[in-house]
Structure formats: structure tokens, C-alpha cells
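Engineer: Here are the chains, one letter per residue:
2 protein chains.
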Amino acid sequence: MSLLTVGTVAFDAIETPFGKTDKIVGGAATYIAWSASYFSKKVNIVSVIGDDFDMAELEALRKRGVDTTGIEIKEGKKSFFWSGKYHLDMNSRDTLITDLNVLLEFNPVIPESYYDSDILLLGNIDPNLQMKVIEQLPKKPKLVVLDTMNYWMTPASIGKLREVMLKIDVLAINDAEARELSGEYSLVKAAKKILKQGPKYLIIKKGEHGALLFHENEVFFAPALPLEEVFDPTGAGDTFAGGFCGYIDKSRDISFENMKRAIIYGSAMASFCVEKFGAERIRNLTHHDIEDRVKDFIDLVQFDIVLED
Amino acid sequence: MSLLTVGTVAFDAIETPFGKTDKIVGGAATYIAWSASYFSKKVNIVSVIGDDFDMAELEALRKRGVDTTGIEIKEGKKSFFWSGKYHLDMNSRDTLITDLNVLLEFNPVIPESYYDSDILLLGNIDPNLQMKVIEQLPKKPKLVVLDTMNYWMTPASIGKLREVMLKIDVLAINDAEARELSGEYSLVKAAKKILKQGPKYLIIKKGEHGALLFHENEVFFAPALPLEEVFDPTGAGDTFAGGFCGYIDKSRDISFENMKRAIIYGSAMASFCVEKFGAERIRNLTHHDIEDRVKDFIDLVQFDIVLED
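Sequences listed follow chains A and B, in order.
Under the working numbering, the first residue of the first sequence is numbered 1, with each subsequent residue one higher.
Under the working numbering, the first residue of the second sequence is numbered 1, with each subsequent residue one higher.
Just so you know, the hints here were simulated from the structure itself, not pulled from any lab data.
Watch out, some of these pointers could steer you wrong.
When chains are identical, the list treats them as one kind, so a pair holds in a single copy or across two.
[To be verified] Computed list of lysine-lysine pairs in DSS-like fashion (alpha-carbon distance at most 30 Å, straight line):
no. : residue 1 : residue 2
1   : 196       : 276
2   : 295       : 189
3   : 85        : 250
4   : 276       : 206
5   : 85        : 140
6   : 167       : 63
7   : 63        : 132
8   : 260       : 189
9   : 276       : 193
10  : 78        : 23
11  : 206       : 85
12  : 74        : 41
13  : 23        : 200
14  : 189       : 250
15  : 295       : 206
16  : 196       : 295
17  : 167       : 189
18  : 77        : 260
19  : 206       : 189
20  : 23        : 167
Bear in mind the structure is a predicted one, so any value in this text is a computation, not a measurement.
Take the sequences, apply the hints, and build the full model.
Structural biologist: Now the structure itself:
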């Protein structure tokens, strides 16, 4: 089984109340690939970088079963760079620098060796590029998952985003984006509307408040793990998505019941991610670490009520 | 088994984005009593009202096994009146009117017939009054639960609040209050500090984001039920506390495992409360309604993961 993802591979510089980094490796596809690599046998990345990128990072990914054939290296160009500063509550941040660089001319080309990927995870990029990826695949993967953000819900992009939404199975957005996309404040009402617009499953991410999974008339809620410190939230959503898709890929089961499990595994991966800067914490996990963390989630929510009627 | 509660019995006038009410019956002890009455055989109220109060309301409570002997009626005086307006997100509100009236001279006196109450739930009032209630009881109840708010965390009241905290078992506050009381932003750190200051159990209420229960090194999370409409959140916290204490009273079990169940029942009661104005929705529930709602909570969070090691 294999997972195909398209998204940024980039440099970030991050400042949080706990410290700051120089340029470190980031980007949605980086977090997705590290996270999914604990589950999927093969993770196929489509992305673009400049020749300033640290090629040892690609080698590290390859050692974990990540295929980087689809990462185009633009000679003489710079990689995408983002810099941001988190506020004390870690729920909001200011973007300090966005240098699109190679992203400006990104034209994703899917290598033939990726064609039979079982799951497609469209990382958060321009919906025009996401559509190009979908259109290049000779057959629809077993599951298509779309991550996007409010930036693509403006008049200039929303039309293409809505076209992409018709081609996917699972949409993953945050609570503010669900409200914006649907025009409904109630997340239950928002979900009902959005589930009529393409996706059969909707994941609403609420950060420290957990995540909701909607499907038909069913709803599942997974909490976030209460942590002593959230050191750096960068990439937590991508790490969640990577773990979610990786788990489904590994288990070969796209039922609602299995998606619940996948959300718990995705949440467990995200809970590691925020413990250190960047992707550092999700580079050296063991199978045991992950199972222990999933057990924390089970302990957090399990209760034993026998209904009387 | 019986539950003793002290708190306001009052009039409210409420405005939400969905409508507004004239004076309706409210007050923490009213919500607590209605909610607990579905579980406790006997609910004992200590409160104070003016002779303007609707005495039929007291009769309605008595019909549900609520003992109103401890509600003092001040002749020629007016009942406590609160008026507020909720913002669109329902998480914040403006207080329009607070007429303390009889509350200004409230001096709680516990009838002897209440002395053997098994559980004491101190509703959100001046900690000086809460202490008077504790001191009047000849023996400590099996469980003492304290509800309070940021209003009592100011320099004028915090000293007495800290004294009360030394006499209780369970503290129930919201997330902002837990942060204020502890000086810690992380709720995990806040809980660790607060659990060294008296209470053995800490419930942190997060409104639409659920509730956390902390005890020693354990933590339990209960979600709020995602609802299509939150019609009026007034009294939801009191209804939660009443259901929580009532369930523990009925089940005669103050273990951590049983408190988890009690939090689910409390959350279920709160989810009814917000569906209509004031206490209207929690006046005519059936046992079946409550069990059905608890089943919704089970369905919302249950997942089935078999850990591999």
C-alpha cells in the first residue's frame, strides 16, 4: 500500500514563547511524509525545492521509505521560506516572511511510478495545482483527502476549490474554515452543508480542542491530548493528516469505524509534533512510543456506562 | 441518599441571538435542583428569595423531591434579578442588570433536617457564605463540591475562597478561571497547582469544548455534544454540576471511575439545558430521554483500538 502526497517542502523560521529557530526544514509534505512513514510502506512526495535545500534531509526521508522522485529541484532557485511568530496562547500567529520562491513556478508532475498509489493526500496548496494532480492520475485512488485553508476561500480561488471538492472523499479543515466555507456558525450545520458539496467525510480540526469527523448522520469526536507544554504547533495539522492517511493506508480499510481509529492515530502523531520545534520530534519515534501515546488517548476518553434501557 | 445545595434562586431576563425572555425563573440552585432531581432521591436547597417570587415554582420543585425548607422568603423584599445578553458565538455575554436585592442580606441557615445530606454542592456564591454552610454541618458530607467563578478571585475574596478550597473534595471552574487561579496557561500545569491547594479532584469546564477531570496523575476528558443550535447557555454549568452530583449521589460511589460516568451524565443534562430558554428543557425529561442522550455521548467518543504491545 502506498500514499501519494503533494505539498510544500520548505524552510521555516519559527518563534514561539519558548524560543526561536534559524531556518529549519518544514513544509506540509515534510510533516506529512515523516508522520505517514510510521504506517505506510511507501510515501510518494510531489513537491518542488531550490538547490539551496539540505539534500541530507531528502536522504533521511528516503531511509524511512519515502520516495522523493517527484520532488523537483530547481537549479539556481531558492526553496519556499516561511517565517512566523506565535502568540502566547499558541492558537494565533503572525506571519513575518513568506518568500514563495520556487513555489511561484510549481507545476506538479506525477512520476509514473506513483500512479498506483492507494491514497492521495492533497496538502494545502493552490487548488489549481491540486486539480492538476488529480487529473494526472490515470485512475482514482481508493481515498482522496484534501487539506486546504481559508486563503483559498477568497473569490479568486473558491471556484477552483469547489471543483476540487467534487473530486475528493475526505476534507480536512479547521473550525473557522468550516464556518467560512458554509456560512454557518454551528459546526453541525456547517458539516451538513459541506457534506453536500462533494466530500463524503469531513474532518473539522479544532487544535487544542480536538477534532470532529462527520459522515452522513454520524459524528465522532477525538480530543487533543492535554499537554504540559505546546512547544511549537507548526506542522501539527499536516502531521495529523499524515498519520490519519498513513493509518488508513496500512490498515486497508476506509470504513467510518476505521477512520475513527485513524483520527486517534493522527492525533497521537500531532501530539508528538508539538513537543519540539519543527518536525524534530516525529523523526525518531518508535512503534512503542506511538502505541503508548495512543493508550494515553484511550485512557483519556474511555468510560464504562451500562445503559439501563 | 441526598444532595444539599446552596445557591441563588432568582429571576433572569435573557437575550440571545434567537430571542429574548421576560423575567423567568433562574439561579444556580434552581438549575442544580432540577438537574439533580433526576438522580437524587432528595435534593435539599438553601437559598433566599423575595415575596415577589413565583411560589408555584417552588411547588413544582417539591413535586420532584426537592426540599425547599431551607429557602428563606423575605417579606416585602425582591428576589435576586440578573439580566444578560449573549453574543453571536454564545461564549461571551454582557450583563445588563444585576439587582442583588435579597442576596445582599443572605445569611444561609441549614435546617437540621438537611444535616445528614450525603453530598454538598456549594453553588457559585460569596465564599464567605459557602464557608458558613460548611461550618454549620455537624459532620463533613461524603463529598463536597465547590462551584465558583473569577468574580471571587479578586484580592477582596480570594483569601476566603482559598480557605473554602481547603475544605472541599471537588472544584469545578472554567478554563479561564483555572488559568487565573493558578497563574499557569497550560491547563495541565494549572491542574497540578490547583490540586495542591485543597481539592482532590478538579473539573475544568470548557463549554462547547467539553470538560476535563483531573485527579492525582489521571485525566479524563468528556466532550460537549455537538448541537445544531445552542439556544441559551444560561445555567448550563449549574445543570452540569447538578447532574454530576446527583449521579454520584444515586450511585453511592465516589471513585474516579464513577466520577467519569458522572461527568458524562452531567454533560448530558447540560446538553438538554441549552436547547431552550432557562430551565424549561430540564423540567420535563424522562429517564429514557437521559439514557438516549448518554448513548449519543458514547457514540460520539467510542472507538475500538486493539494495541499491539
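Engineer: When Cα atoms must be at most 30 Å apart, do residue 295 and residue 206 count as within-copy, between-copy, both, or neither?
Structural biologist: both (21 Å within a copy, 23 Å between copies)
Engineer: Within, between, both or neither: how does the pair residue 189, residue 250 come out at a Cα-Cα threshold of 30 Å?
Structural biologist: neither (32 Å within a copy, 36 Å between copies)
Engineer: Should residue 63 paired with residue 132 be assigned to within, between, both, or neither, using CA atoms and 30 Å as the limit?
Structural biologist: within (29 Å within a copy, 68 Å between copies)
Engineer: Under a CA distance limit of 30 Å, which applies to residue 77 and residue 260: within one copy, between copies, both, or neither?
Structural biologist: Intra 42 Å, inter 57 Å, cutoff 30 Å: neither.
Engineer: When Cα atoms must be at most 30 Å apart, do residue 23 and residue 167 count as within-copy, between-copy, both, or neither?
Structural biologist: Result: close neither inside a copy nor across copies, 36 Å intra and 53 Å inter.
Engineer: Within, between, both or neither: how does the pair residue 167, residue 189 come out at a Cα-Cα threshold of 30 Å?
Structural biologist: Intra 22 Å, inter 44 Å, cutoff 30 Å: intra-copy only.
Engineer: How would you classify residue 85 and residue 140 at a CA-CA limit of 30 Å: within, between, both, or neither?
Structural biologist: neither (39 Å within a copy, 51 Å between copies)
Engineer: Which holds for residue 23 with residue 200 at a C-alpha limit of 30 Å: within a copy, between copies, both or neither?
Structural biologist: neither (38 Å within a copy, 45 Å between copies)
Engineer: Indicate which option fits the pair residue 167, residue 63 if close means a Cα-Cα distance not exceeding 30 Å: within, between, both or neither.
Structural biologist: neither (32 Å within a copy, 58 Å between copies)
Engineer: Please sort residue 196 with residue 276 into within, between, both or neither, judging by C-alpha distance up to 30 Å.
Structural biologist: Between. Shortest inter-copy distance 28 Å satisfies the 30 Å Cα cut-off; intra-copy 39 Å does not.
Engineer: Given identical chains, is residue 206 near residue 189, meaning Cα to Cα at most 30 Å, within a copy, between copies, both, or neither?
Structural biologist: Result: close both inside a copy and across copies, 16 Å intra and 21 Å inter.
Engineer: I want to check one pair: residue 276 and residue 193. Are their C-alpha atoms no more than 30 Å apart within a copy, between two copies, both, or neither?
Structural biologist: between (37 Å within a copy, 24 Å between copies)
Hint compliance for this structure: hints 3, 5, 6, 13, 14, 18 and 20 are not met, and every other hint is.
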